[in-house]
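Colleague: Sequence:
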Amino acid sequence: MSQRITIDPVTRIEGHLRIDCEIENGVVSKAWASGTMWRGMEEIVKNRDPRDAWMIVQRICGVCTTTHAISSVRAAESALKIDVPVNAQYIRNIILAAHTTHDHIVHFYQLSALDWVDITSALKADPAKASALLNGVSSWHLNSAEEFTKVQNKIKDLVASGQLGIFANGYWGHPAMKLPPGSEPDCGRRTICKRWNASVTPTAWWRCWAVKRRTSRTWRWAGWRTRSTSTVSAC
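Positions 408 to 642 (the working numbering) are the ones given, in order, by the sequence shown.
Honestly, I wouldn't trust all of these hints.
Listed next, with one range per pair, are the computed distances between beta-carbon atoms [claimed, not checked]: (1) Arg425 <-> Gly469: 17 to 23 Å; (2) Ser519 <-> Leu549: 21 to 27 Å; (3) Val558 <-> Asp427: 40 to 46 Å; (4) Ile412 <-> Leu521: 27 to 33 Å; (5) Ala532 <-> Ile451: 43 to 49 Å; (6) His423 <-> Ser545: 34 to 40 Å; (7) Met444 <-> Thr556: 36 to 42 Å.
Think of the hints as simulated: they come from the structure by calculation, not from any bench.
Please read all numbers here as calculations on a predicted model, not as lab measurements.
Note that beta-carbon positions come from the ideal geometry of N, C-alpha and C, so glycine has one too.
All chains, full assembly: derive it from the sequences and hints.
Modeller: Here it is as structure tokens:
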């Protein structure tokens, strides 16, 4: 007997997302991901030169900008039946790989890190030691004891104001970030590779993720290939 499960909204992402799954014998047989927040980009690019679309649609998100730009370019190329030189694809892959690194950093520190970090603990820190630690990694001019003292004072003022809001004690360990019982958060490399090899035919869920995160039209590095489609990704 099949069962349908809907997860709406999916939290801890930028934008609104809904996941629908069909379950058969305890296994997901089909899955759909829907971006449910309409932002009007379609209306903005209407009646414009298609060559301008990539500059516009990437503004749909403040985090994953480049993926939208490249997806828009691919859509235009597909419509016009343009074959892109291999070297051009390599350059795009490099750009997307750099953006993926940027995307993960921004997502963690700006969107999810505060679920894991008690900002009030900075009041107990030693600005001089923090500066020495970071200067051992980077010579950035703001890695100074003076700068960390300023940050510490700002947090002190925030605590004194009584306006910590969601950053008040007890918030850490948000339930949306916790794994369900029976999951394997510490599975090793061998287990990951074994499960990866068992998933040569990607599920609908995996395809949704791949459309957003892929860095080339052919996943050569992943060990399997899938025909590309020009799809505008959604966050």
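Colleague: Looking back at the numbered hints, which does the structure fail to meet, lowest number first?
Modeller: Hints that this structure does not satisfy do not exist here, as all of them hold.
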